[in-house]
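Trainee: Residue numbers (my numbering), protein chains in the order written: chain A, 168 to 522; chain B, 684 to 989; chain C, 12 to 276.
Mixed in with the good hints, there may be bad ones.
[Stated by the list, open to error] Straight-line Cα separation of at most 20 Å, SDA-like style, residue types lysine to any residue; simulated pairs:
1) A:LYS270 with B:THR899
2) B:LYS708 with C:GLU112
3) A:LYS433 with A:GLU395
4) B:LYS770 with B:LEU964
5) A:LYS334 with A:LEU365
6) B:LYS708 with C:GLN17
7) B:LYS984 with A:MET257
8) A:LYS241 with C:GLU112
9) A:LYS450 with A:SER489
10) B:LYS708 with C:MET95
11) A:LYS241 with B:LYS708
12) A:LYS450 with A:ASP415
13) A:LYS450 with A:ASN476
14) A:LYS241 with B:THR899
15) B:LYS708 with C:LEU173
16) A:LYS241 with C:GLY18
17) A:LYS450 with A:GLU395
18) A:LYS271 with B:THR899
19) A:LYS270 with A:MET168
20) A:LYS450 with A:PHE520
[To be verified] Covered stretches of chain C, going by a simulated chain B footprint (3 or more residues, C-beta under 8 Å):
21) 25 to 35
22) 106 to 120
23) 141 to 154
24) 216 to 224
25) 247 to 259
[Claimed, not checked] Which stretches of chain A does chain B cover? Using the computed rule of at least three CB atoms under 8 Å from a CB of chain B, they are:
26) 243 to 249
27) 261 to 271
28) 295 to 303
Treat the hints as calculated values from the structure; they're not laboratory data.
Backbone N, C-alpha and C define an ideal beta-carbon position, used for all residues, glycine too.
Read off the chains here:
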Amino acid sequence: MAQVALKNIVARYGSFLAVDHVSLTIESGQFVTLLGPSGCGKSSTLRIVAGLLQPDEGAVEFDGRNVTAVSAAKRNIGMVFQSLALFPHMTVTDNVAFGLRMKKMPQADIENQVRRMLQIVRLDHLADRYPAQMSGGQQQRVALARALAVTPSILILDEPFGALDRKLREAMQVELHALTRQLGITALFVTHDQEEALMLSDSIAVMNKGRVEQFGTPAEIYRAPRTEFVADFMGMTNFLPGEVVDSDSSSAKVRVGSAVFSTSVKDTIAPGEAVKLAIRPEKVMIGHLSAADMCFLEGHIRQITYHGNASRYVVDLPDGGSIIALQQQSPEASLAVGSNVRAHWSPEDIHLFRA
Amino acid sequence: MSSVLAIKPLSNTPASTRRVRHVDKSTFLVLPACIVIAAALLIPLANVLLLSLNRSQPGVIELSSNFTLANYTRFLWSPFYMRVLGKTVYIAAMTTTLCTVFGAILAMAIWRAPQHLRGVIVIVVISPLLVSIVTRTFGWMIVLGDNGLINSTLMSLGVINEPLRLMFTDGAVIVGLLHVFLPLMVLPILTALDRIDPNVPQAANTLGASRFTTATEVVLPLAAPGLVSGITIVFSLSMSSYITPALMGGPDSGMITTLIYQQFVVTFNWQFGATLVAILLAVSLVLVAVILFEFARRTRKWMVRQ
Amino acid sequence: MTDIVQGYSFRIVVWALYIFLLAPLVCVVIVSFNYEPVQSFPPSAWSLRWYGEALRNSNFVNGAFVSAWVALGATLIATPIGVMAALGLWSSSSRFKPALEALFIAPIIVPGLVTGISLLVALSAVEMRAAPVKLLIGHVLIVLPYVIRTTLASLAQINPSLKEAAETLGASYRQTLFEIILPLVRPGIVAGMIFGFILSFDDVNVSLFLVDARTTTLPISVMSYLQYSFDPSVAAISSLMIAMTFVITLVLERMFGLKRLFAGH
Chain A
168 MAQVALKNIV ARYGSFLAVD HVSLTIESGQ FVTLLGPSGC GKSSTLRIVA
218 GLLQPDEGAV EFDGRNVTAV SAAKRNIGMV FQSLALFPHM TVTDNVAFGL
268 RMKKMPQADI ENQVRRMLQI VRLDHLADRY PAQMSGGQQQ RVALARALAV
318 TPSILILDEP FGALDRKLRE AMQVELHALT RQLGITALFV THDQEEALML
368 SDSIAVMNKG RVEQFGTPAE IYRAPRTEFV ADFMGMTNFL PGEVVDSDSS
418 SAKVRVGSAV FSTSVKDTIA PGEAVKLAIR PEKVMIGHLS AADMCFLEGH
468 IRQITYHGNA SRYVVDLPDG GSIIALQQQS PEASLAVGSN VRAHWSPEDI
518 HLFRA
Chain B
684 MSSVLAIKPL SNTPASTRRV RHVDKSTFLV LPACIVIAAA LLIPLANVLL
734 LSLNRSQPGV IELSSNFTLA NYTRFLWSPF YMRVLGKTVY IAAMTTTLCT
784 VFGAILAMAI WRAPQHLRGV IVIVVISPLL VSIVTRTFGW MIVLGDNGLI
834 NSTLMSLGVI NEPLRLMFTD GAVIVGLLHV FLPLMVLPIL TALDRIDPNV
884 PQAANTLGAS RFTTATEVVL PLAAPGLVSG ITIVFSLSMS SYITPALMGG
934 PDSGMITTLI YQQFVVTFNW QFGATLVAIL LAVSLVLVAV ILFEFARRTR
984 KWMVRQ
Chain C
12 MTDIVQGYSF RIVVWALYIF LLAPLVCVVI VSFNYEPVQS FPPSAWSLRW
62 YGEALRNSNF VNGAFVSAWV ALGATLIATP IGVMAALGLW SSSSRFKPAL
112 EALFIAPIIV PGLVTGISLL VALSAVEMRA APVKLLIGHV LIVLPYVIRT
162 TLASLAQINP SLKEAAETLG ASYRQTLFEI ILPLVRPGIV AGMIFGFILS
212 FDDVNVSLFL VDARTTTLPI SVMSYLQYSF DPSVAAISSL MIAMTFVITL
262 VLERMFGLKR LFAGH
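With the rest of the complex left out, here is chain A (with noise of 0.2 Å):
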């Protein structure tokens, strides 16, 4: 397992960037994702660690040595692709054996690391079965058989669960999660779901336009989005726009409309500033203010939505704004469509972020 660094890379298809200078270092046994919506540069980083894409400037680096002109075939490197990609006219157990007879392996050798490989992902009943004689999840444990049995600098995932249905999902997340801790592999990962992303990684970059916008553990990318875009993808679905009007240090004063809250802040935003307060739904509480030091708008309910564990309420502003609760618990019979409400929370959970 290898340390894998990536120095100040740019791709361009045409006139597009497709990568805008991302540099980010994956510590050796780290789990990494890189998470993004679709177009946002994350699978082009992706083949250019993989070697499958040259990228137009920067470096790529394993363990130090610089690899960028070194073809995918000569990077030891192990891939999951989404399409799984196995070989159909090959069984199991050649499909596994095929990166090990590239490198030359004795033959004694090769059976005895493929025989280990279909234990690991609890395979050795279909060593001789065919991909299309195959279930779903079986094909997805093959293909990461295949990725492993060399043993890899890094393995390398290109939404490989996005074709399966939620539980099948859900059941081969746990165990890759397992694996790859078990086994300590370097791991870059993409995805564009975020979910997956924060169970999987250890660190996840969130790209966006071909630049990382955040990069840190799931814990800190969640609680604390340095950027809207970051916010947004992590759920915090409510913006209110606001202007500053008294600030120092370590806290603001933020006018939203005719109420004016007081929020912590890491840097200093100067009075007179525009900025957008973001709330997380399920942080938003509707009804009858009870503590005292909570923030709140009135405005009236215009929909309610059931979604099982929750209740999902959007309430009308008077400003023509609007903004959306996450409740625990089923609706309750005095919030109903048109009623006036308060909508309030705690002044901790707002993020601001400059306009």
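Using the hints provided, position chains B and C relative to the given structure of chain A.
Mentor: Chains B and C alone, transformed into the frame defined by chain A:
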């Protein structure tokens, strides 16, 4: 029963009768084509095959009900006819082999070519197919003739003093057939290549396979359906080619089709001509069936039936 | 290193094959501009005189007219039959579908020579002696499978839900056919017609047994001319045929993509 119901379409017709109406409509649509092909091809072909079972009588063209295998025994016991058949199979096999090798190479080149060049390359590859066989053969006469492109080039370079005899040889026939049939090999292989998941060769690459290994161990086996369909097409068409051997072949390059033409147009022995047609079809069919069977046996396990 | 060597040798072979495919056609065009009456390569002087000769040759001109009329007639007869057959096959869920598919490619599978002989024998048996009619029947068989194949290829691109969508909007079978399906498959039909026309115009194998002394097609008159004479007027008429098909081919590739016409079953 159900067809009676189908005459009165109701707004809430049950699904089963709706399907019957459906089938009726498509039957009506395919009928004219079936009639044309049956009347103009299948019945006349059956007629020819039956004619081969009549005693040969030059000048007589009617089918009689006195059937005999005399024509077939005459063919099988004649060293001359068997030699011509052997030559036909040899030339068809050579053509098919060369076509397969070069066709696979060309198809891979088109497959890997950038998208915007593809149209042009496809036209270059297809062009022989869209030009009359007479024109193509004439072109080869200019290239291979005694004063042709190759001989005059070699002579002006001083490599040879006398023109080489290139035209009117078996080699000329094989070159001509290769030219005609190469596109028919390239196209099915290209279709099979286009069906391969582009990640599959990349996966081989990430596992350390060189481009050559990827081509021979991963890409070509997956293109096997195209290869087989190309091989069967080229082989059966080579077996039955007439114009190229007639115009480019030497006096001893006669193929079975040359004999067929003679029987029908020169000696008017239609019964024996029909026998030669039947033997040509039978040999082609058997050899093609062997190829298809062998292919199915090898790929049965992994081919996805969709 | 071996990768590079392999890459270069692969490229050299590919270019040699392109040259192999084009050389005879290019040579024909070059020779057609030769001045001398003997064919020599390369020509020593240039002229257009053989084009004049070719166009004064009554066998070539008559042959061209016969070929054009037969190809046009066969295309016009085969197109409606082929389009209907393709539509029928497309909407069929019958268990005879594979048999029908096999039947419809039979005219391509059966060698042209055998088709020609079969028609010769059958039409003699029913005392049909008019060469134009015999040619027309034979050439309908040439064009028909290609119209069916290109139309089917176009139909395969249509999302089956479109038909159902039209039905849910109240369209009758006829309205769905004429307002939804046929406009969508028109490129395929036209491609099949053009392609069938070219193959019919160029055909020798089927026609060989159906022509007579007075009615012969252009490729066959060129072939008989070649058997006793070798002057560049053959090159000139051949160049004209090449030019015709190349123009049509370019149009066809732009419209439809040629690959789909031939490949795969």
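Trainee: Take the hints in turn and mark each one as holding or not.
Mentor: Results for each hint:
| no. | hint | verdict |
| --- | --- | --- |
| 1 | A:LYS270 with B:THR899 | holds (17 Å) |
| 2 | B:LYS708 with C:GLU112 | holds (17 Å) |
| 3 | A:LYS433 with A:GLU395 | holds (15 Å) |
| 4 | B:LYS770 with B:LEU964 | holds (16 Å) |
| 5 | A:LYS334 with A:LEU365 | holds (18 Å) |
| 6 | B:LYS708 with C:GLN17 | violated (56 Å) |
| 7 | B:LYS984 with A:MET257 | holds (10 Å) |
| 8 | A:LYS241 with C:GLU112 | violated (48 Å) |
| 9 | A:LYS450 with A:SER489 | holds (15 Å) |
| 10 | B:LYS708 with C:MET95 | holds (10 Å) |
| 11 | A:LYS241 with B:LYS708 | violated (60 Å) |
| 12 | A:LYS450 with A:ASP415 | violated (26 Å) |
| 13 | A:LYS450 with A:ASN476 | holds (15 Å) |
| 14 | A:LYS241 with B:THR899 | holds (19 Å) |
| 15 | B:LYS708 with C:LEU173 | holds (19 Å) |
| 16 | A:LYS241 with C:GLY18 | holds (18 Å) |
| 17 | A:LYS450 with A:GLU395 | holds (17 Å) |
| 18 | A:LYS271 with B:THR899 | holds (17 Å) |
| 19 | A:LYS270 with A:MET168 | holds (17 Å) |
| 20 | A:LYS450 with A:PHE520 | holds (18 Å) |
| 21 | 25 to 35 | holds (count 8) |
| 22 | 106 to 120 | holds (count 6) |
| 23 | 141 to 154 | holds (count 4) |
| 24 | 216 to 224 | holds (count 3) |
| 25 | 247 to 259 | holds (count 6) |
| 26 | 243 to 249 | holds (count 6) |
| 27 | 261 to 271 | holds (count 4) |
| 28 | 295 to 303 | holds (count 4) |
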